[in-house]
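Asks: So you can see what is in the structure, the chains are spelled out below.
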Amino acid sequence: MNQVLVVAEHSAGRLNPATAKCVSCAAAIPDATIAVLVLAADGAAVAAQAAALNGVSRVLLASHPASEPALAAVLAPQIAKLAPGCSHVFGPSTTFGRDLMPRVAALLDAPQVSDVMAVDGAHRFRRPCYAGNAIATVEVDADRPVVATVRVASWQPAAAGGPAPVERVSADVALPAHTRFVSVSAGRNDRPDLQTAARVVSGGRALGSAENFALIQRFADRIAAAVGASRAAVDAGYAPNELQVGQTGKIIAPELYIAVGISGAIQHITGIKDARTIVAINKDPEAPIFEVADLGLVGDLFRIVPEIESLLAAS
Amino acid sequence: MGKVLVGIKRVIDYNVRVRVRPDGTGIVTDGVKMSINPFDEIALEEALRLRERGAADEVIVASLGPDDAQQQLRTALAMGADRAILVRADGAPEPMLAARALFALVQREQPTFVIVGKQAIDDDASQTGQLLAALWDRPQATFASKIELSGASARVTREVDAGLEVIDVDLPAVFTTDLRLNEPRYVKLPDIMKAKKKPLDVTDLATLGIDATPRQRVVRLEPPAQRQKGVIVKDAAELVAALKQKGLLA
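Going down the list, the sequences are from chains L and S. Take the first sequence: its position 39, counting from 1, is numbered 39 in this note's numbering, and each next residue is one higher. Offset between the second sequence (1-based) and this note's numbering: plus 1000.
Hint data in this document are derived by calculation from the structure and do not stem from the laboratory. Because the structure is a prediction, the values reported are computed rather than measured. Check each hint, because a few of them may be wrong.
Unchecked claim - Selected chain S positions facing chain L (Cβ under 10 Å, derived; list incomplete):
(1) Val1018
(2) Pro1022
(3) Gly1024
(4) Gln1107
(5) Arg1108
(6) Lys1118
(7) Asp1123
(8) Gln1130
(9) Ala1162
(10) Val1169
(11) Leu1208
(12) Ile1210
(13) Gln1228
(14) Lys1234
(15) Lys1244
Claimed, not checked - Below, computed lysine-lysine pairings styled on DSSO-like, alpha-carbon distance capped at 27 Å:
(16) S:Lys1229 <-> L:Lys283
(17) S:Lys1244 <-> S:Lys1229
(18) S:Lys1234 <-> L:Lys273
(19) S:Lys1033 <-> S:Lys1197
(20) L:Lys273 <-> S:Lys1197
(21) S:Lys1229 <-> S:Lys1246
(22) S:Lys1003 <-> S:Lys1146
(23) S:Lys1188 <-> S:Lys1033
(24) S:Lys1234 <-> S:Lys1003
(25) S:Lys1146 <-> S:Lys1188
(26) S:Lys1246 <-> S:Lys1003
(27) S:Lys1003 <-> L:Lys273
(28) S:Lys1246 <-> L:Lys283
(29) S:Lys1244 <-> L:Lys283
(30) S:Lys1244 <-> L:Lys273
(31) S:Lys1234 <-> L:Lys283
(32) S:Lys1198 <-> S:Lys1188
Just so you know, even glycine gets a beta-carbon here, dropped at the ideal spot from N, CA and C.
With the sequences and hints as input, model every part of the structure.
Replies: Below is the structure:
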């Protein structure tokens, strides 16, 4: 029997959809019993959402005022204290999980497998490396727990189920004061979330300016899509960092991905290759983005995008 | 005044198109250009700027890797690091070994700052800085795009999924660098000549008292599934029609 502990990600009382994907990955472990651990200031609402995920057998709720906003240095000792008896400790490969889980692994003296895309056995996983140019099959020792981050673009969210029982727990451990949250600047949140949206429209360097990037935002709004950007567009200041899609930004798997004025460096392709349908609009017919696009259109984006909008408005 | 310890990794150059060996045992490396991991180069640049601002008086650069990693350490010395340490290890050491090697050097050198890249572009693991911070029981500020010092603490802007997060960390601390922290300087020829005279010590894991037994093993590498090449449509009308036919747009 494998005991899998999934560390929940949440903010403002809402469970992040990445956690439901971690539960799906946990359910792929043979003979798994899945518990979700919620570390929060209060967390009752988040725990209830986690308890309603299919496959979860119980939710552990550890309330502590220091746990929100989440800081790896504060959460990791609590997780390490509550993890004994677990065969696996999973978190999402979001910036939350990528920051936190290695710290947990070190405290547990356990190996970490990053970005699990497939489970081949309780101690055998597949993960991408070299910007997705290679898929590694990794085996870890079975004599100690396995810590892993789950590549959220590879997994469907667990369906609704439950409700599983919620147990209040307390990690009796000293928490450090050497790390202090100051602020977080969030972008607009009235658009679909980039990491979970069914449709994404991304703009690249060819937009030419932050003003022109508004064209991408308007088009995205028109088709109820999230907005993304290439690294070049973010570096140039056309779009904020949280919109970056690629190896070092967000890795996404929408139903429809529309790349506008993006040449398609391998680091960008890494972030989108799990998209169901990729559309590329670019004036350079040799742009590498056309190698992976299901539908390509060569031409001037400043003419084509408004034309698509008017075609959609007319229908 | 204190020291900055920077961890760098020798990796296949950013611009090389990586190919898996047909037998699945590894990556084609024959004749392939090797470089400092780009995120580690940003870490080194930040360390040099800390020293130039008077926040540190020595920049030590360290690498866990093969003998050939001395090339990358020499490049780091040419960029401006004061001295270098190679911890020899064969194969592809896992992040925990890199963290343990850095921790051994931390105990010896007592740095105020340790800066490493947020991930290496070969294994893409994104673990070493966080592992080190936990072993050391010190703060971590990962994915940093801005580091400002004030006395015994640092205010760090981090690139997170929600946007930009700001945290304060007491020093000493571990920082991992994101792309937009800085732009690394170019190495000038006279600096390459000067770097040849700078100290480069070579040690190994056993000397540092570290058990090199791996806890995870890559048993196979394979190329990723390829996407089918699609079709080029002639105009916006054809594109919209195709998307509607697939049920992707109403």
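Asks: Now look at each hint and say whether the structure bears it out.
Replies: Do the hints match the structure? See the list:
| no. | hint | verdict |
| --- | --- | --- |
| 1 | Val1018 | holds (4 Å) |
| 2 | Pro1022 | violated (13 Å) |
| 3 | Gly1024 | holds (9 Å) |
| 4 | Gln1107 | violated (15 Å) |
| 5 | Arg1108 | violated (19 Å) |
| 6 | Lys1118 | holds (8 Å) |
| 7 | Asp1123 | holds (5 Å) |
| 8 | Gln1130 | holds (4 Å) |
| 9 | Ala1162 | holds (5 Å) |
| 10 | Val1169 | holds (5 Å) |
| 11 | Leu1208 | violated (17 Å) |
| 12 | Ile1210 | violated (13 Å) |
| 13 | Gln1228 | holds (8 Å) |
| 14 | Lys1234 | holds (8 Å) |
| 15 | Lys1244 | holds (8 Å) |
| 16 | S:Lys1229 <-> L:Lys283 | holds (18 Å) |
| 17 | S:Lys1244 <-> S:Lys1229 | holds (20 Å) |
| 18 | S:Lys1234 <-> L:Lys273 | holds (24 Å) |
| 19 | S:Lys1033 <-> S:Lys1197 | holds (24 Å) |
| 20 | L:Lys273 <-> S:Lys1197 | violated (47 Å) |
| 21 | S:Lys1229 <-> S:Lys1246 | holds (17 Å) |
| 22 | S:Lys1003 <-> S:Lys1146 | holds (19 Å) |
| 23 | S:Lys1188 <-> S:Lys1033 | holds (20 Å) |
| 24 | S:Lys1234 <-> S:Lys1003 | violated (60 Å) |
| 25 | S:Lys1146 <-> S:Lys1188 | holds (26 Å) |
| 26 | S:Lys1246 <-> S:Lys1003 | violated (59 Å) |
| 27 | S:Lys1003 <-> L:Lys273 | violated (42 Å) |
| 28 | S:Lys1246 <-> L:Lys283 | holds (24 Å) |
| 29 | S:Lys1244 <-> L:Lys283 | holds (23 Å) |
| 30 | S:Lys1244 <-> L:Lys273 | holds (22 Å) |
| 31 | S:Lys1234 <-> L:Lys283 | holds (12 Å) |
| 32 | S:Lys1198 <-> S:Lys1188 | holds (16 Å) |
When held up to the earlier numbered hints, the structure conflicts with 2, 4, 5, 11, 12, 20, 24, 26, 27 and fits the remainder.
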